[in-house]
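Turn these sequences into a full structure, and let the hints guide you.
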Amino acid sequence: MRIQTGQLVALGYGRYVRSDEVVAVEPIVEDRGPGRRSLVWVRNLTEPIVGSRSEGAVVDDLVTPAEEAARMRGLRSALEQCATALEAIPPVLRRMIEQETGIDVHDLVDDSRRALEL
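Numbering (my numbering), first residue to last: 1 to 118.
FYI, nobody ran anything at the bench for these hints, they're computed from the structure.
Fair warning: there could be bad hints in the mix.
What the hints assert, rightly or not - What follows is a list of derived Cβ distance ranges for each label pair:
#1 103 <-> 31: 38 to 48 Å
#2 68 <-> 32: 24 to 34 Å
#3 75 <-> 102: 22 to 32 Å
Each residue gets a CB set at the ideal place from its N, CA and C atoms; glycine is no exception.
Shown next as structure tokens:
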């Protein structure tokens, strides 16, 4: 992996760091929850910054070129819209879709939500 220099990386809740200033990223294991997902160590700071995004999401932003990150955001948005639309399908219609096509809407929603968590 190669750090993309000169990019701002979002840590969540309006906090950003320059990609080339990040020294380490680690998951928060204990007391993890909303607003507390990762510790981001930044050059010249004695304490890490607590990020509300997962360590994987932060690292992805560190190593992904800006153009690719923008494309990925667009894909994530489209997947989110699809998952939301699929969730709105009533149970009766879901059963009909599965009977006619073999497609399990519930499984599609679950798979989409899991992919969005990555």
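Q) Quick one: are residue 103 and residue 31 within 38 to 48 Å, going by C-beta? A) holds, 41 Å
Q | Range hint 22 to 32 Å (beta carbons of residue 75 and residue 102) holds or violated | A | Taking Cβ atoms as reference, residue 75 and residue 102 lie about 26 Å apart, which means the hint holds.
Q) residue 68 and residue 32, beta-carbon distance inside 24 to 34 Å? A) holds, 28 Å
In summary, the structure agrees with every hint in the numbered list given earlier.
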